[in-house]
Amino acid sequence: MSSIIHGLNKAFENRVRLGIMSILMVNQKVDFTSLKEMLQVSDGNLASHISALEKVSYIKITKQFIGKKPNTSYSASTGGKKAFTNHLDAIEKLIKKGGKQ
Amino acid sequence: MLLLLYNAAPKKKIHPAVYGAWIYNICFVTLLFKVLLINRAMTEQDEQIENLTEIRNLMERSTRFISLSGLSGVSAGICALIGAAIAYRYFGYNAYFPNFYYHIFTEAEFIRMDFLQFLFTLSVGVLVSALGLGFLFTWRRTKQKGGSLWNSSTRRLLFHLAIPLVTGGLFCIILLLHGEVYMVAPTTLVFYGLALINASKYTLNDIQYLGISEIILGLIASVYVGYGLVFWAIGFGVLHIVYGTVMYFKYEK
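Protein chains in written order, with the numbering used here: chain A, 792 to 892; chain B, 72 to 324.
So here's chain A without its partners, still in its complex pose (with noise of 0.2 Å):
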């Protein structure tokens, strides 16, 4: 078993942070609001992965003023990008072995 699930990465085992991930991935710049939206969870959760997505410096967090309100945008970065594309393979090899059995 531990062969076939080599590659599959820690950082990206949640839901929310694969959803985090793959919006970061076509999207230049999302802000929090947005992702909220797409990905329909609660504030604290989706902060508390984005944390999580930030410790590993995966995503990077540009914090900004519109006016007088605090706007904070996120975007992934090139390791990010990278570890993601890894995941998805591995993802990808998985679902290739099952298909064989």
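These aren't lab readings, by the way, just hints derived from the structure by calculation.
There's no promise every hint is true.
[What the hints assert, rightly or not] Think about it this way: if two alpha-carbon atoms lie no more than 27 Å apart in a straight line, the pair counts; the simulated DSSO-like pairs of lysine-lysine are: (1) A:Lys872 to A:Lys887; (2) A:Lys827 to B:Lys272; (3) A:Lys820 to B:Lys321; (4) A:Lys820 to B:Lys324; (5) B:Lys272 to A:Lys872; (6) B:Lys214 to A:Lys820; (7) A:Lys851 to A:Lys827; (8) A:Lys859 to A:Lys801; (9) A:Lys854 to A:Lys820; (10) A:Lys846 to A:Lys820; (11) A:Lys873 to B:Lys272; (12) B:Lys272 to A:Lys859; (13) B:Lys216 to A:Lys827; (14) A:Lys820 to A:Lys851; (15) B:Lys321 to B:Lys272; (16) A:Lys820 to A:Lys801; (17) A:Lys827 to A:Lys859.
Fit chain B to the known structure of chain A by using the hints.
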């Protein structure tokens, strides 16, 4: 394991019933083990397939505006046809004459402000009602699907739709300034087609076919100058209705 048991059995002279029970037990345990293992592998696989579907879905939804309703196209087409019919009734059979536009706008005795005023009012009326109805149907569809109408994918779609459209609009004004009135209708069709093809990367891919049809129609219209109103009615009326109906049955039924 089974073979070993089979060999050992006669020596110890186990009662056939006990022997059978043993085989049964061992078979049952291995079966259970297999089922558990395979099940584990299967759920892992199913889960990953589900994850992949979710990923694809999110990538699609976060970049494309997909709640564009087919009914928006149909209503815009109907508005355009009504507008064309009103224009035809107003100008009468003259609308078909190749030199009609030329006469209206360039020959001194034919410049009539009421014509221009009428055309302007009519086109603004058609534009507002088509956009209004189009917005209404798309808004209704977005509400049904539970998304938001104004997000980054909407902004991106409108931006990329606007570039060729605004260019085309300005170009038409320039054509009017030069007095080349007969080229306005074909030009609007061509630029509208280009705008649709440009926007098709940010919404349902299918609108590129509508775009290609508009461009072909616009090019034909620029050869048969003077039949502007007819081509205009086909391009903005008939094509919109056909496209909208196809989209409605493809995605909303």
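Status of the hints after comparison with the structure:
1. The straight-line distance between the Cα atoms of A:Lys872 and A:Lys887 is roughly 23 Å, inside the 27 Å bound, and the hint therefore holds.
2. For the hint pairing A:Lys827 with B:Lys272, the CA-to-CA distance comes to about 24 Å; that is within 27 Å, so the pair holds.
3. Restraint check for A:Lys820 and B:Lys321: not satisfied, since their Cα atoms lie roughly 32 Å apart, outside the 27 Å limit.
4. A distance of roughly 34 Å separates the Cα atoms of A:Lys820 and B:Lys324; the hinted pair therefore is violated under the 27 Å criterion.
5. A hinted pair counts as satisfied when its Cα atoms are at most 27 Å apart, and B:Lys272 with A:Lys872 qualifies at roughly 22 Å.
6. Between B:Lys214 and A:Lys820, the direct Cα distance comes to roughly 25 Å. Compliance with the 27 Å bound is thereby established for this hinted pair.
7. Taking the CA atoms of A:Lys851 and A:Lys827, the gap is about 17 Å. The hint holds against a cut of 27 Å.
8. In summary, the hint linking A:Lys859 to A:Lys801 is not supported, as the alpha carbons are separated by about 38 Å, beyond the 27 Å threshold.
9. Proximity of A:Lys854 to A:Lys820 is assessed by CA-CA distance (about 12 Å); at most 27 Å being required, the pair is judged to hold.
10. With a C-alpha separation of about 19 Å, the suggested pairing of A:Lys846 with A:Lys820 holds against the 27 Å cut-off.
11. Of the pairs offered as hints, the one joining A:Lys873 and B:Lys272 holds, with about 25 Å between alpha carbons and a cut-off of 27 Å not exceeded.
12. Taking the CA atoms of B:Lys272 and A:Lys859, the gap is near 34 Å; set against the 27 Å cutoff, the hint is violated.
13. Restraint check for B:Lys216 and A:Lys827: the C-alpha separation of about 16 Å stays at or below 27 Å, so the hint holds.
14. Between A:Lys820 and A:Lys851 the CA atoms are separated by roughly 10 Å; this keeps the pair inside 27 Å, and the hint holds.
15. Pair hint B:Lys321 plus B:Lys272 holds up; C-alpha atoms about 19 Å apart against a cutoff of 27 Å.
16. The suggested pairing of A:Lys820 with A:Lys801 holds, with an alpha-carbon distance near 24 Å, which does not exceed 27 Å.
17. Between the alpha carbons of A:Lys827 and A:Lys859 the distance comes to roughly 22 Å, so the proposed pair stays at or under 27 Å and holds.
The structure fails to meet hints 3, 4, 8, 12 from the earlier list, while all remaining hints are met.
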